[in-house]
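Asks: So the sequence shown is residues 41 to 179, counted in this note's numbering.
Wrong hints could be hidden among the right ones.
[Claimed, not checked] The following label-pair restraints were derived from C-beta to C-beta distances:
no., residue 1, residue 2, range
1, Arg53, Gly137, 28 to 38 Å
2, Gly176, Val143, 13 to 23 Å
3, Glu82, Thr60, 13 to 23 Å
Worth flagging that the hints you see were computed from the coordinates, not collected in a lab.
Cβ atoms here follow ideal geometry from the backbone N, Cα and C, with glycine treated the same way.
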Amino acid sequence: PAAYHELLCRCRRLGWPVLTVESDTGTDIGALAARALAGLREAGGSAVVAPSKLMASGAKILLALAEIAAAVMAAGQVRRLLVEGGATAAAIVARAGFGRLDVVCEVAPGVVTLRPESRPMVRLTLKPGSYPWPDGTLL
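All chains, please: the whole structure from these sequences, using the hints.
Replies: Now the structure itself:
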């Protein structure tokens, strides 16, 4: 979809590594998490994505994305996580053990930033998969 390709282009313009989950079974979660952390330290951000054909494969890919996000949050000083897609967001929130989420702001219609009560320094910006990322969201 166009929103997915736009996200990749924006991340690359910012100099962020774009890391792709290639499989719903053989993903080396530790290696991807380490590369994402290196991108955070060196470039100020990283993107971990799964092609839409893999997203259609179901729960395994969502669990892989959630595991990578959890590993990155556990190992680094992640303060902001941008998540595309409701099922992906639900998997990440569940895996991270976030209970209550407080609304910080609505970035654009349908795009919200939340603060987990258990990790008040973290901000989760969530958007539906079919929406484009609002201007300035990745900065």
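Asks: Take the hints in turn and mark each one as holding or not.
Replies: Hint-by-hint comparison with the structure:
{"no.": "1", "hint": "Arg53 with Gly137: 28 to 38 Å", "verdict": "holds, 34 Å"}
{"no.": "2", "hint": "Gly176 with Val143: 13 to 23 Å", "verdict": "holds, 19 Å"}
{"no.": "3", "hint": "Glu82 with Thr60: 13 to 23 Å", "verdict": "holds, 18 Å"}
The structure agrees with every numbered hint stated previously.
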